[in-house]
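Go by the hints and put chains B, C, D, E and F onto chain A.
Protein chains in written order, with our numbering: chain A, 3 to 136; chain B, 3 to 136; chain C, 3 to 136; chain D, 3 to 136; chain E, 3 to 136; chain F, 3 to 136.
Read the hints as simulated data drawn from the structure, not as lab findings. Note that this is a predicted model, so its numbers are computed, not measured. One or more of the hints may lead you astray.
For identical chains, the list gives no copy identity; a pair is met inside one copy or between any two copies.
Here are the computed lysine to aspartate or glutamate pairs in the EDC-like style, where the Cα-Cα straight-line distance is at most 20 Å [said to hold, decoys possible]:
#: 1; residue 1: 26; residue 2: 83
#: 2; residue 1: 49; residue 2: 100
#: 3; residue 1: 26; residue 2: 128
#: 4; residue 1: 26; residue 2: 100
The residues making up each chain are set out below.
Number of protein chains: 6
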Amino acid sequence: MALLRSIEYADAGPEVRAVYDDIKARRQVADVNNFWKVLANDPATLKRTWEEVRDVMVPGALDALTKELIYIAVSATNGCEYCSHSHTASARRQGMSDAMLAEVLAVTALANKTNRLANGYRVEVDAAFRPQFD
Amino acid sequence: MALLRSIEYADAGPEVRAVYDDIKARRQVADVNNFWKVLANDPATLKRTWEEVRDVMVPGALDALTKELIYIAVSATNGCEYCSHSHTASARRQGMSDAMLAEVLAVTALANKTNRLANGYRVEVDAAFRPQFD
Amino acid sequence: MALLRSIEYADAGPEVRAVYDDIKARRQVADVNNFWKVLANDPATLKRTWEEVRDVMVPGALDALTKELIYIAVSATNGCEYCSHSHTASARRQGMSDAMLAEVLAVTALANKTNRLANGYRVEVDAAFRPQFD
Amino acid sequence: MALLRSIEYADAGPEVRAVYDDIKARRQVADVNNFWKVLANDPATLKRTWEEVRDVMVPGALDALTKELIYIAVSATNGCEYCSHSHTASARRQGMSDAMLAEVLAVTALANKTNRLANGYRVEVDAAFRPQFD
Amino acid sequence: MALLRSIEYADAGPEVRAVYDDIKARRQVADVNNFWKVLANDPATLKRTWEEVRDVMVPGALDALTKELIYIAVSATNGCEYCSHSHTASARRQGMSDAMLAEVLAVTALANKTNRLANGYRVEVDAAFRPQFD
Amino acid sequence: MALLRSIEYADAGPEVRAVYDDIKARRQVADVNNFWKVLANDPATLKRTWEEVRDVMVPGALDALTKELIYIAVSATNGCEYCSHSHTASARRQGMSDAMLAEVLAVTALANKTNRLANGYRVEVDAAFRPQFD
Numbered sequence: 003m004a005l006l007r008s009i010e011y012a013d014a015g016p017e018v019r020a021v022y023d024d025i026k027a028r029r030q031v032a033d034v035n036n037f038w039k040v041l042a043n044d045p046a047t048l049k050r051t052w053e054e055v056r057d058v059m060v061p062g063a064l065d066a067l068t069k070e071l072i073y074i075a076v077s078a079t080n081g082c083e084y085c086s087h088s089h090t091a092s093a094r095r096q097g098m099s100d101a102m103l104a105e106v107l108a109v110t111a112l113a114n115k116t117n118r119l120a121n122g123y124r125v126e127v128d129a130a131f132r133p134q135f136d
Numbered sequence: 003m004a005l006l007r008s009i010e011y012a013d014a015g016p017e018v019r020a021v022y023d024d025i026k027a028r029r030q031v032a033d034v035n036n037f038w039k040v041l042a043n044d045p046a047t048l049k050r051t052w053e054e055v056r057d058v059m060v061p062g063a064l065d066a067l068t069k070e071l072i073y074i075a076v077s078a079t080n081g082c083e084y085c086s087h088s089h090t091a092s093a094r095r096q097g098m099s100d101a102m103l104a105e106v107l108a109v110t111a112l113a114n115k116t117n118r119l120a121n122g123y124r125v126e127v128d129a130a131f132r133p134q135f136d
Numbered sequence: 003m004a005l006l007r008s009i010e011y012a013d014a015g016p017e018v019r020a021v022y023d024d025i026k027a028r029r030q031v032a033d034v035n036n037f038w039k040v041l042a043n044d045p046a047t048l049k050r051t052w053e054e055v056r057d058v059m060v061p062g063a064l065d066a067l068t069k070e071l072i073y074i075a076v077s078a079t080n081g082c083e084y085c086s087h088s089h090t091a092s093a094r095r096q097g098m099s100d101a102m103l104a105e106v107l108a109v110t111a112l113a114n115k116t117n118r119l120a121n122g123y124r125v126e127v128d129a130a131f132r133p134q135f136d
Numbered sequence: 003m004a005l006l007r008s009i010e011y012a013d014a015g016p017e018v019r020a021v022y023d024d025i026k027a028r029r030q031v032a033d034v035n036n037f038w039k040v041l042a043n044d045p046a047t048l049k050r051t052w053e054e055v056r057d058v059m060v061p062g063a064l065d066a067l068t069k070e071l072i073y074i075a076v077s078a079t080n081g082c083e084y085c086s087h088s089h090t091a092s093a094r095r096q097g098m099s100d101a102m103l104a105e106v107l108a109v110t111a112l113a114n115k116t117n118r119l120a121n122g123y124r125v126e127v128d129a130a131f132r133p134q135f136d
Numbered sequence: 003m004a005l006l007r008s009i010e011y012a013d014a015g016p017e018v019r020a021v022y023d024d025i026k027a028r029r030q031v032a033d034v035n036n037f038w039k040v041l042a043n044d045p046a047t048l049k050r051t052w053e054e055v056r057d058v059m060v061p062g063a064l065d066a067l068t069k070e071l072i073y074i075a076v077s078a079t080n081g082c083e084y085c086s087h088s089h090t091a092s093a094r095r096q097g098m099s100d101a102m103l104a105e106v107l108a109v110t111a112l113a114n115k116t117n118r119l120a121n122g123y124r125v126e127v128d129a130a131f132r133p134q135f136d
Numbered sequence: 003m004a005l006l007r008s009i010e011y012a013d014a015g016p017e018v019r020a021v022y023d024d025i026k027a028r029r030q031v032a033d034v035n036n037f038w039k040v041l042a043n044d045p046a047t048l049k050r051t052w053e054e055v056r057d058v059m060v061p062g063a064l065d066a067l068t069k070e071l072i073y074i075a076v077s078a079t080n081g082c083e084y085c086s087h088s089h090t091a092s093a094r095r096q097g098m099s100d101a102m103l104a105e106v107l108a109v110t111a112l113a114n115k116t117n118r119l120a121n122g123y124r125v126e127v128d129a130a131f132r133p134q135f136d
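Here chain A stands alone, though its shape is the one from the complex (with noise of 0.2 Å):
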């Protein structure tokens, strides 16, 4: 059980059903998930944080596919159990293999693990990394 209580359609107020309508109508599915639902507690995050993930997660200099591979891979991250199931069941409908999910969790394992080896040793910045601009 959530900390507040799910908006469902029928109680919503218009500034909701909006983002809903939107949701539903660019996602083609019947009803919002539950993050929604509760998040409508909050038009003004609602909104906010719904604008933000359609016009984020689009296809621009990356596609649409790769950029819900990263979400996964920092939803593994911060231990976030709904991020990983919603944003698996995404990358799943853009074409996510299980071959490709193992290997985003992968990359993620070894990204922890080298990311605590350089921070624990404090491995000092290459000079030749560093970006030089002129």
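Structure of chains B, C, D, E and F alone, referenced to chain A:
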């Protein structure tokens, strides 16, 4: 200054030299970077970590650049200065543009944000997101 | 099921009972919550932790509710389910509204986002932000 | 040195300049700080992040200083040097005393401690703490 | 339910079976635990991870129990429920008492607290603590 | 430069001096390190934190060196530069060799890796690992 001294090639034993030779040959570099020189104080960890990096980061179900982008996302999440610099350098060698870096960090930032909204509100995972294995 | 069993008042020794009595008296509750019952396996840690909670969370330069809001922000950042629930309950007893909870989590989410943008880009601290002590 | 160069006003396009102008006007400062100058490499993220900071950090159910204190607590938890400095500076402008800073960090430290006791022992959430929605 | 199904011995290919056989023989157990069954979806990661656990956790400069205690401390810090349970079980098989577990978590909690005080105040490292290599 | 100035002995009040005296006497050092000098801005936190370090880090069910190793592992996991340096120094005074440090960090790195595999795949805890209290 790292917690242990850097082991230069001239001072290294055969097990460490073999790893350094493999890194230099595969990466076409004249010398290995500081991370490996510090790890060389523990030859078994040096060898195991290098082999993991070498084998995990090759193209598979994901291409090598996508794997570097995931590494950057995890390193930003964990606040690893060394890894942010070294993997940005690696990713650039594989073609990462400024725009791609910016999108990696925009997704990373967004995921860190929504991870805390989901965890902070303790949102329950939708039944529809849970995997169904017959 | 926690890793160690809960110690109930009837089964506790005098050092643990003294802590339980202090918690119950100050919080006006009939029984202590699970956190303390598990910590009671280690009476010294129970006593030290309770005294720290008791002494740090009282009004000082900050009022008690502000301190509970900070606790919620940290617990959301670290993904501590137990602490999110227990400190939301504490904060509500001290007057936290749904709108206040929503704002705590909106700020927490934003800070987690910009922390990663600053760390991910390795932005240098402005000289003007560094404290100047004559 | 950040991973991308700082974009100064003189070198910025109109979208970036509009954000800089808004920051300078609202904060009454002669120039924007480094965080924004690096984010300006990605004008969409610059604009979105600034608008989120601007709109989330205003007084609402919580006053502006309380929000800055929460920001400091999260930044200390995540080890973000830049954000610790920049938000301490912001909080001081809004009246934070040394004693208030000390209390923020004392609560932050305590929460980080008890988060690990609760997570480390896997303490079960008390039924009484779980929200009840009729 | 994990994101990928568990691979039972009867359904596993020869590479996975070889790992399972090694785990069962060394640990003297009738079946491997869930972690390995899920990793088995990615045989290369299964093999690499098992060999790392096997080779790193043996007695060396540190005894095997001390290594398990460190594992518990890290898992509590990261909030990994699975690892807290599995490594507590491992540590108990190697002689960890309730009192030892309590001390591991008391130190872990203290370190998480002082890490945030040091990072939150941005305390500068004393010159005397920096390693001196001639 | 830390966020608050260092309080030197000559400028300290009696409560702070009493803590400094206790640190210097027990550690046989001529002056306290920066961490305490910054904490001294908040005498109550200084006293509480020192007493916790003093009382938790003494030999008990675990010896003092093992406790320092756990501190190093947590500090590496959290990326606390100050604590990595100060507790490496402490551990060396108690006999930690380079080989022991290397093993601490190898275990820490491995645990950070498998924590993310377990959390990333959302592996379910085996029934056999759950404690059974009659």
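My question is about residue 26 and residue 128: at a cut-off of 20 Å on alpha-carbon distance, are they close within one copy, between copies, both, or neither? between (49 Å within a copy, 16 Å between copies)
If the cut is 20 Å between Cα atoms, do residue 26 and residue 83 qualify within a copy, between copies, both or neither? neither (23 Å within a copy, 30 Å between copies)
Can you tell me if residue 26 and residue 100 fall within 20 Å by alpha carbon in one copy, between copies, both or neither? neither (27 Å within a copy, 26 Å between copies)
If the cut is 20 Å between Cα atoms, do residue 49 and residue 100 qualify within a copy, between copies, both or neither? Answer is between; shortest inter-copy Cα gap is 17 Å, intra-copy 33 Å.
Consistency with the previously given hints fails for numbers 1, 4, ordered from lowest to highest.
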